[in-house]
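**Student:** Go ahead and model the full structure; you've got the sequences and the hints to work with.
So the sequence lines, in the order shown, correspond to chains A and B.
Counting with our numbering, you get residues 1 to 414 for the letters of the first sequence.
Counting with our numbering, you get residues 1 to 414 for the letters of the second sequence.
If you're looking for bench data, these hints aren't it; they were derived computationally from the structure.
One thing to keep in mind: the hints can contain errors.
As the list makes no split between identical chains, a pair holds if one copy fits it or if it spans any two.
No more than 25 Å apart at the CA atoms, straight line, and that leaves these computed lysine to any residue pairs for SDA-like [what the hints assert, rightly or not]:
#  : residue 1 : residue 2
1  : K172      : M106
2  : K322      : P168
3  : K172      : G316
4  : K87       : I166
5  : K322      : Q301
6  : K244      : V300
7  : K172      : K322
8  : K128      : Y290
9  : K322      : L194
10 : K87       : P168
11 : K164      : D104
Number of protein chains: 2
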Amino acid sequence: MAYRALDSYSVLDYLRATPALGAVLDLSAPLHAREVGDGNLNLVFIVEAATGQSLVVKQALPYLRVAGESWPLTRERMRFETQALLKHNELAPGLAPQVYHFDDEMSLVVMENLSGLEVMRKPLVARKRFPNFADHISTFLARTLFFTSDFYLTGVEKKELQAKFINPHLCKIQEDFVFTNPFMESPENRWNALLDDEVQAVRQNSALKLALAEMKLSYMTHAEALIHSDLHTGSIMANAELTKVIDPEFAFFGPMGFDVGAVLENLVLNYLSHFAHTPDAATRREYQAYLLDLVREIWVQFAAKFDALWVEHNRGELMPAKYWAHPGGAEAFAEFRRRTLARILQDVAGFGGAKMLRRMMGIVSVWDITSITDLEQRAVAERLAIRIGSRWVTERQAISSVDDLIGIVREEAA
Amino acid sequence: MAYRALDSYSVLDYLRATPALGAVLDLSAPLHAREVGDGNLNLVFIVEAATGQSLVVKQALPYLRVAGESWPLTRERMRFETQALLKHNELAPGLAPQVYHFDDEMSLVVMENLSGLEVMRKPLVARKRFPNFADHISTFLARTLFFTSDFYLTGVEKKELQAKFINPHLCKIQEDFVFTNPFMESPENRWNALLDDEVQAVRQNSALKLALAEMKLSYMTHAEALIHSDLHTGSIMANAELTKVIDPEFAFFGPMGFDVGAVLENLVLNYLSHFAHTPDAATRREYQAYLLDLVREIWVQFAAKFDALWVEHNRGELMPAKYWAHPGGAEAFAEFRRRTLARILQDVAGFGGAKMLRRMMGIVSVWDITSITDLEQRAVAERLAIRIGSRWVTERQAISSVDDLIGIVREEAA
Numbered sequence: 001m002a003y004r005a006l007d008s009y010s011v012l013d014y015l016r017a018t019p020a021l022g023a024v025l026d027l028s029a030p031l032h033a034r035e036v037g038d039g040n041l042n043l044v045f046i047v048e049a050a051t052g053q054s055l056v057v058k059q060a061l062p063y064l065r066v067a068g069e070s071w072p073l074t075r076e077r078m079r080f081e082t083q084a085l086l087k088h089n090e091l092a093p094g095l096a097p098q099v100y101h102f103d104d105e106m107s108l109v110v111m112e113n114l115s116g117l118e119v120m121r122k123p124l125v126a127r128k129r130f131p132n133f134a135d136h137i138s139t140f141l142a143r144t145l146f147f148t149s150d151f152y153l154t155g156v157e158k159k160e161l162q163a164k165f166i167n168p169h170l171c172k173i174q175e176d177f178v179f180t181n182p183f184m185e186s187p188e189n190r191w192n193a194l195l196d197d198e199v200q201a202v203r204q205n206s207a208l209k210l211a212l213a214e215m216k217l218s219y220m221t222h223a224e225a226l227i228h229s230d231l232h233t234g235s236i237m238a239n240a241e242l243t244k245v246i247d248p249e250f251a252f253f254g255p256m257g258f259d260v261g262a263v264l265e266n267l268v269l270n271y272l273s274h275f276a277h278t279p280d281a282a283t284r285r286e287y288q289a290y291l292l293d294l295v296r297e298i299w300v301q302f303a304a305k306f307d308a309l310w311v312e313h314n315r316g317e318l319m320p321a322k323y324w325a326h327p328g329g330a331e332a333f334a335e336f337r338r339r340t341l342a343r344i345l346q347d348v349a350g351f352g353g354a355k356m357l358r359r360m361m362g363i364v365s366v367w368d369i370t371s372i373t374d375l376e377q378r379a380v381a382e383r384l385a386i387r388i389g390s391r392w393v394t395e396r397q398a399i400s401s402v403d404d405l406i407g408i409v410r411e412e413a414a
Numbered sequence: 001m002a003y004r005a006l007d008s009y010s011v012l013d014y015l016r017a018t019p020a021l022g023a024v025l026d027l028s029a030p031l032h033a034r035e036v037g038d039g040n041l042n043l044v045f046i047v048e049a050a051t052g053q054s055l056v057v058k059q060a061l062p063y064l065r066v067a068g069e070s071w072p073l074t075r076e077r078m079r080f081e082t083q084a085l086l087k088h089n090e091l092a093p094g095l096a097p098q099v100y101h102f103d104d105e106m107s108l109v110v111m112e113n114l115s116g117l118e119v120m121r122k123p124l125v126a127r128k129r130f131p132n133f134a135d136h137i138s139t140f141l142a143r144t145l146f147f148t149s150d151f152y153l154t155g156v157e158k159k160e161l162q163a164k165f166i167n168p169h170l171c172k173i174q175e176d177f178v179f180t181n182p183f184m185e186s187p188e189n190r191w192n193a194l195l196d197d198e199v200q201a202v203r204q205n206s207a208l209k210l211a212l213a214e215m216k217l218s219y220m221t222h223a224e225a226l227i228h229s230d231l232h233t234g235s236i237m238a239n240a241e242l243t244k245v246i247d248p249e250f251a252f253f254g255p256m257g258f259d260v261g262a263v264l265e266n267l268v269l270n271y272l273s274h275f276a277h278t279p280d281a282a283t284r285r286e287y288q289a290y291l292l293d294l295v296r297e298i299w300v301q302f303a304a305k306f307d308a309l310w311v312e313h314n315r316g317e318l319m320p321a322k323y324w325a326h327p328g329g330a331e332a333f334a335e336f337r338r339r340t341l342a343r344i345l346q347d348v349a350g351f352g353g354a355k356m357l358r359r360m361m362g363i364v365s366v367w368d369i370t371s372i373t374d375l376e377q378r379a380v381a382e383r384l385a386i387r388i389g390s391r392w393v394t395e396r397q398a399i400s401s402v403d404d405l406i407g408i409v410r411e412e413a414a
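**Tutor:** The following block contains the structure:
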């Protein structure tokens, strides 16, 4: 069927004409759909049956919403999202929505409705706690990254998978809007007018811009694993029990630190937002301490799980057991793993810092902070984000533990 | 036409049945073919007409010759070679053989016969000089690497080209036989029996093996540019005027330093071979000095040409002129280029060293040295190669100029 954008009526006709979905929801029952997309690229419908069953229909639009129809984007991104969701379900079962149906022509995927789960940004602003989050997200990161890397896959398997995730148009969005445009004059950039001086200072900071260029080069060339590539807290839904990573349409083979950095950086931005959202100092400090504990726990658990997977599932590319069989070889293998994780942590700093900065002065802001209505108060958090982000990027090569990353947050926020 | 391996008779029938080749050579004249392949993967025929015209037919065999028929290899590598030759002709005209005809089904390419040119190994052993070589090979490297990198191509262009060069089976050969198998017990390894102690010492050297694992990871993940990936002096034909790079069937998007390192490392192996090939000390020292001058010249000219191309053809991915337009921005851009080339030089050391080592103890030796018939004399050169290769790999992060690389050669050879 030729592509046409659906609305909340035609989506029901589409579902009724797809009998395989009868296994998920009673297609003969009365159905109701509402469009709930707040993203920039897609229509999202929640469809509910009178029986209480439900599902989600997500359809790519042929343009980037926030920039108007002038940004043509291939609809193939829904194929990348579907492929990535299937891979995530395979590698990290229970931590991504299930896929029920995919229609390439219509650029449409039908998937599990995550009712009872919330996108994490608002509850984090409301100081909600997620007792399983550090465990779940570190598992998601460790398993999706390890099992798609050269540490697990054979060279041939990895390159065959990589060929399915060559995703140039979505990559270009991140390349331009994370690393380049926010840091020079570009018409789509937006920032709090009270930050004019800080934005100009970033744009004139040669050391910082050189480091950002290096991070962009690394993003464009380091094909380490299948990364989600947009793993902010708006791409995570959770409740007290469950965690689900959504929206992997930017997925491609890139640097692992980009995903880990996105999670940690968004927790830091949320931390900073509480200087305005949580005026009571004791309450604020307690929740901010919780957020920094999350940052530490996520990294520590990620590193431990990644390392354990590597030891348990070493299939030999880097390197076979025989290669490490000499006296001292076990220690050399352990040191190789330790150095690899140390390098990923430095990438976490570099990518996390770049993403923190772009949220302050690029096309995409961050709700945790833009929801602060008092511009002076908002500027307090934003100035801190610029200082922390800049230091994460420029000091990345001196970062040797997650406490160094957290230390920069503490020093600047003190 | 279904695949069948040609012989020196059937190749003529094939050519006569391909009328388009009439533009290259008179198909109605008497033709003569001889098989001259000394490689491991292919049949190579030189076909000459009574008119004096000639061409080369290269056909992939469905197995790796040196390992016997037990190593099935896809014939698709002839497609990679042809694509790469066409790209090389486009980007570095005159520095690669011209392609006349490609037959995907037959895994066969018809190309320019490089009569009057020699594969460089033997003339280098015979102390021949190539006055244009440093200029030509540095141009080939600078242009093929720069114009296929993210410094020149847009992100979308690069990824589309990269998709055509996902080359898993040929990559695997380099991954295994350059970085892994030579450094552990593996049945195909061969070395001079006088080197038993040195080979065992390499296999037990934890620091070296850790560094080799890091270089392999970089080879497998750093998709910087379309590299030749087998650019030793056996893949270069030359005479006093001309230089042609041949055999790019291993081409894929990998680290630039791998190609530059292959050229320099092979010149160093040739340098070492002269301790046996050229007994007269004055003659030897003069030619060895020439070889180290070549090493320096090739790097210096490569770096200068790459940098000049980048300045002249900056299409904006890393980064646009506007990004560097702030006060001090020109210096920051220059520093970014300087650091990029410094990092490539460290890769040259790491990859060049790894390749030097594998030639001493892996499946593929090097004619310059194996042609030394006296095993004691041969061992002198080989021990030096092991020491120099080990230091290039383990000291790579301290290399800051090509003179550091040459200094290691001089110190060990003194």
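**Student:** Please go over all the hints and tell whether each is borne out by the structure.
**Tutor:** The hints, checked one at a time:
For the identical chains of this complex, K172 and M106 are intra-copy neighbours only, at 23 Å inside a copy versus 38 Å across copies, given an alpha-carbon limit of 25 Å. Proximity of K322 and P168 under a CA criterion of 25 Å is satisfied inter-copy only: 23 Å between copies versus 39 Å inside one chain copy. Proximity of K172 and G316 under a CA criterion of 25 Å is satisfied inter-copy only: 12 Å between copies versus 34 Å inside one chain copy. Proximity of K87 and I166 under a CA criterion of 25 Å is satisfied in both settings, with 15 Å inside one chain copy and 21 Å between copies.
Taking CA atoms no more than 25 Å apart as the test, K322 paired with Q301 passes in neither setting, with 29 Å inside one copy and 41 Å between copies. Proximity of K244 and V300 under a CA criterion of 25 Å is satisfied intra-copy only: 20 Å inside one chain copy versus 52 Å between copies. For the homomeric pair K172 and K322, the shortest alpha-carbon distance between copies (18 Å) is at most 25 Å, but the shortest distance inside one copy (41 Å) is not. With identical chains, the CA atoms of K128 and Y290 are at most 25 Å apart within one copy only, with a shortest distance of 10 Å there and 71 Å across copies.
For the homomeric pair K322 and L194, the shortest alpha-carbon distance between copies (24 Å) is at most 25 Å, but the shortest distance inside one copy (61 Å) is not. Proximity of K87 and P168 under a CA criterion of 25 Å is satisfied in both settings, with 19 Å inside one chain copy and 21 Å between copies. With identical chains, the CA atoms of K164 and D104 are at most 25 Å apart both within one copy (14 Å) and between copies (23 Å).
Of the numbered hints listed earlier, the single one contradicted by the structure is hint 5.
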